Amino acid sequence: MGMDRREFIKSCSLVAVMGLLFGCRKIPLEELAGDLPSLKRFEDEVKLALSQAKKTLDLVKVPTPGALKIPGASALNRFGMAIDLDACDGCGKCILACNLENNVPLVPDEDAARGRFMHWVDMRGSAPFMCVHCGNAPCERVCPTGAANHTPDGLSAMMYKRCTGSRFCGANCPVQARKFNFNDAQKLGLARQFNREVPLRDKGVMEKCSLCLHRLQNDRLKFKTSLTVDASAEEWRGRGVKTACAEACPKNAIIFGNWLDEKSPLVKLTKNRELYAPRELADLDPSVVFMRGRR
Amino acid sequence: MGEPRVPERAVGSIPFDHALHGDSIGLDCAACHTGSRASANAFMPSKADCMDCHRLPLTENPGIETLDSMLAKADDRPWSHKRHLPDHVVFHHGVHAAAGVACADCHGRGYMQNRYGAELFNMQSCLKCHRGETFKEKGFKPAATYCAACHR
Amino acid sequence: MFKYLMLAGLALFLPGLYALGYSIFEGPSAWMVDSRTFWGTPISLFVFWIGLAHAGTLLSAIFLALDIKLDRRTALIAELSTLVCLVFAGIFPLMHLGVVENFYMVMPLLDARGNFANVGSPLVWDFCCIAVYALLSLVFFMTHLKTREIPALDKYRKPMAWLLFPLVLWVHTVVSLDFATTFVPQWRGAFFPVYFIAGAIFSGLALMNLLLCSEGYRVRLLERLQLIFSWFMCAIWIWDLMLKGSFCTSAFIFAGVLPQFRMIAVIRENKWGRIALSLSVLIGLFLERLYIVSPEFGSYAASPLNWIDWGLIAFSVGGFVLLFFGIRRYLSWKMEGAGSYFGEVDGTDLADAEQQELEKEGARGIEKPKKGFYIQPWASEEYHVLRLPLLVGFAFALVYSIWVLSQSVFANVEFSFANIVPLLYPVIALVTTVTLYVRAYFVEHAFTLPRHEKWASAIVLVLVAACAGAFFAGGSSQNSTNTIDSQSIGVDAPVSQSHARLLWNTRCATCHGVDGKFNEKFVREFYPVPQKLDVQRLDSLGADSLVKVILNGRANMNAYAGRLTPSEALGLVNYMQTLAKSATESAKEGDNDSAR
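Protein chains in written order, with the numbering used here: chain A, 1 to 295; chain B, 1 to 152; chain C, 1 to 596.
These are computed hints drawn from the structure, not numbers from a lab. Note that the structure is predicted; figures quoted are calculated from it, not measured. Where hints are given, some of them may not hold.
[What the hints assert, rightly or not] In silico DSSO-like cross-links for lysine-lysine, where the CA-CA straight-line distance does not exceed 27 Å:
no., chain 1, residue 1, chain 2, residue 2
1, A, Lys187, A, Lys222
2, A, Lys263, B, Lys138
3, A, Lys222, B, Lys73
4, B, Lys47, C, Lys244
5, B, Lys82, A, Lys55
6, C, Lys521, A, Lys54
[To be verified] Here's a subset of chain B near chain C, in silico, CB distances under 8 Å, partners left out:
no., residue
7, Gly26
8, Gly35
9, Ala48
10, Cys50
11, Cys53
12, Lys82
13, Gln124
14, Thr134
15, Lys136
16, Glu137
17, Lys141
For every residue, glycine included, the Cβ atom is placed at its ideal position computed from N, Cα and C.
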């Protein structure tokens, strides 16, 4: 049965009103979803992680890292860190600094309650622990696409756009240093790009400590731009670059540097010191080591 | 957090012809694209950069009057566009310029017809030069070919 | 019976399909219980279904290669079950990926971006092995199916069987290496390939027996093999227990203890008893796969499966039922007489069926060696058929390995020929098969295809080429969210001389020239000539006023205040002075030269 003109106009206006009403409702909801998490939430999450930290490190002695043994390794640069366990008091400022520098996302409450965070630096045995950038990395060996690879200057790099999310690397890391993006952090309002230099990661890719690759890249690019084309036998050594965690530590317990550069603070401060690494990683040529005990 | 976003503007807001600028009148690309020698981005010129020369009537070409009136009305930043490279690509113009790569090597000569050469770029063309398979006659120093050199 | 099977299949498949869709949409968080283990039900299901696929090839190809007579019907059922299992075995590794659309990056070939997959990774070996296995199984099945119409195709069955025989073992070895090459303590063990292959054959035999029950007959050989393999699995489990202390009780009960009840005649002779035995084996082996893949689970009760896990299981089981019985029904329906296309079996034991098949083949004049007569391998018929294609396959594999080793992507990786070896046999098998059939069709004209099948093959080839092209091109890159406009002012910090030089060449050289002398091309013709750089003049003006000139401008020079910082201006002034000095020096030298 057809409807007459009046009814038609009535239904049209009803539809228009409904559209306006519900259309209006959509906008505030979208704005809510797009709200960026506050800095306080990031700080609180780090505090929660610190309170829940239960794992310990089983450390064994390792020799001082030297040049990488992969083909094409640089003879000048091998970046790494040394963490002084005696100076560290477990304050967790390094974790917060890393999270803000690298735009590490928050996790939903259920995961946080179970102690599953996305933090690249974990507190284990009251020492900050992160990917040690093994010279002979088990994760890189099994990545099917080559997203996990090694740079000639010693970083175990993670290329997010090449990651297909098979999680084989995560399964193969003996100390579970890698984190998987189970959630679309941006959509859930759990991510915030504090640092524009570092991209936000998509759902479904692995991430881990990058030894602040972006800082090293920027420094290297600046160095190479300033060179004159013909001159300068000088090579880039990454001097003056500090990772976010090393910068943030109030006790200077984290020392970043170049294992192959005698002028690097890393080499100077680890000279004649005994270096340690977790037992599971000791044979894998770690670039990040621990120090303890007075000289 | 970050700089305020500049609204996208139509590139044709100020009539600009590359053929009247550049090599033909002794201008280096960097004179307007101020970042091409030292920065990651080459940047587009700001109105102040145009006014450096156009503060004076430069030729007797009648078009110059139209240009001058448009420049007077123009925004401080007349040109903007979305970055053509994806965000995960780190490309530094300054490093390439310092290594001796000429602007035309990558951008081609199409800029004379106001084409910036986007159709020439893909990861394969970058890798070919970095691996030494192209531009052999220019004798560039071996460039980095590992992923983390250009991606983050 | 068929109707009930399809209804049951549908009842499992539809909710399963929903679970699958939800999993793909949500990603791994849908089924992941624990981020320590990183893999879960989808990978357990993958290993389970791939194992089931292997038994099909065992019974058809391996029995054929070893001259163990199996009637046509059983062999074709086995081959069809392989294909259907492979469909599901292929879906699970795809859907478990975090970024499904990047799956093409696993292919070990150069792509449009100049990238190459990490050929040393077991997942890449997996991808190739399973793809080739699926293709070859399909070709084998089609060949076998068509031998009734085209008897000449029978010549190619045994050569294909000989190609498939090592391929089956290779594929499951590679699947076991997915686990055995890692650091997870529960997955260490050089016996893993044997362990996995034994489990695969065992579960596959159980599936075959189930399918034969549904067909309405039995093959006692297969039932006995099932029992023998249960003993073999128990031995391996006890070995694992002694070695690592890990033991899956539920798997042992279902697949180790219960199958022994076959020895009781009442259960054995009853169709439902046999079905129960086979089902028990399948359940037990699936639990065992769950236990292997997620060692943190401990016992099944400790970390229960959620609805997605059950949904995925239902999806695969229901899907298998639908697909297998659907295709089986279609084939027996479309071809002459229900069941006859798969071969006649009158429900008696193997020996009788075997005798019938032998007589039928004898009637068609196909030469078969007499039983018990030994032939040298290189004198056999299948070797003669395979000789040239194998040569082509080996040559291709050699060229391929050289090409892979030369890729510059592996410049920084410890990479050797040993990393490529697991890929080589599938490559050889694939190229050999293609050569074999191309030669058979185009060169020897051993068989012809009816028109509609020619069209179908052509369309399939075009689709394959399109697929390869898609793999090569890869996905498109995400567009940038950043806007580029003009350069903002820098940070007010002292600049190095090299940076000042770059600033000069950018901002000042247009008029003042790169060397401080004028930019002749521009200034004479278009712009007023600037002041000449003179050391004395610059010194007399002083750095401060020069900095002011740069920042505030002067005649014919705009202010640079919003574009250069005071430190940058100072750097430029210092650079200007060095330019002026070198200009004076070169002028002096020029004078000296001309004076001489």
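Hints and how they fare:
1. Distance restraint check for Lys187 (chain A) and Lys222 (chain A): the Cα-Cα separation of roughly 35 Å exceeds the 27 Å cut-off, and the hinted pair is therefore not satisfied.
2. Of the supplied pair hints, the one linking Lys263 (chain A) and Lys138 (chain B) is violated, its CA atoms being roughly 36 Å apart against a limit of 27 Å.
3. Proposed proximity of Lys222 (chain A) and Lys73 (chain B) is contradicted: the alpha carbons are some 37 Å apart, above 27 Å.
4. Distance restraint check for Lys47 (chain B) and Lys244 (chain C): the Cα-Cα separation of roughly 74 Å exceeds the 27 Å cut-off, and the hinted pair is therefore not satisfied.
5. Proposed proximity of Lys82 (chain B) and Lys55 (chain A) is contradicted: the alpha carbons are some 46 Å apart, above 27 Å.
6. At most 27 Å may separate the alpha-carbon atoms for a hinted pair to count; Lys521 (chain C) and Lys54 (chain A) exceed this at roughly 72 Å.
7. The beta carbon of Gly26 (chain B) is positioned within 8 Å of a beta carbon in chain C (closest approach about 3 Å), and the interface hint is therefore held.
8. Against a cut-off of 8 Å between C-beta atoms, the interface hint on Gly35 (chain B) holds, since the closest Cβ of chain C lies about 5 Å away.
9. Interface hint at Ala48 (chain B): satisfied, since its Cβ lies 6 Å from the closest Cβ of chain C, which is below the 8 Å cut-off.
10. Hint on Cys50 (chain B) is violated. Least Cβ distance to chain C is approximately 10 Å, over the 8 Å limit.
11. Hint status for Cys53 (chain B) relative to chain C: holds, with the closest Cβ pair at about 6 Å, below 8 Å.
12. Checking Lys82 (chain B) against chain C: minimum C-beta separation of about 6 Å stays under 8 Å; hint holds.
13. A cut of 8 Å between beta carbons decides the hint on Gln124 (chain B): the least distance to chain C is about 5 Å, and the hint holds.
14. The interface hint given for Thr134 (chain B) is violated, since its Cβ lies 12 Å from the closest Cβ of chain C, which is over the 8 Å cut-off.
15. Nearest Cβ of chain C to the Cβ of Lys136 (chain B): about 15 Å, over the 8 Å cut. The hint is violated.
16. Annotation: interface hint on Glu137 (chain B) violated; nearest CB of chain C at approximately 21 Å, more than 8 Å.
17. Hint status for Lys141 (chain B): violated, given a least beta-carbon distance of 16 Å to chain C, over 8 Å.
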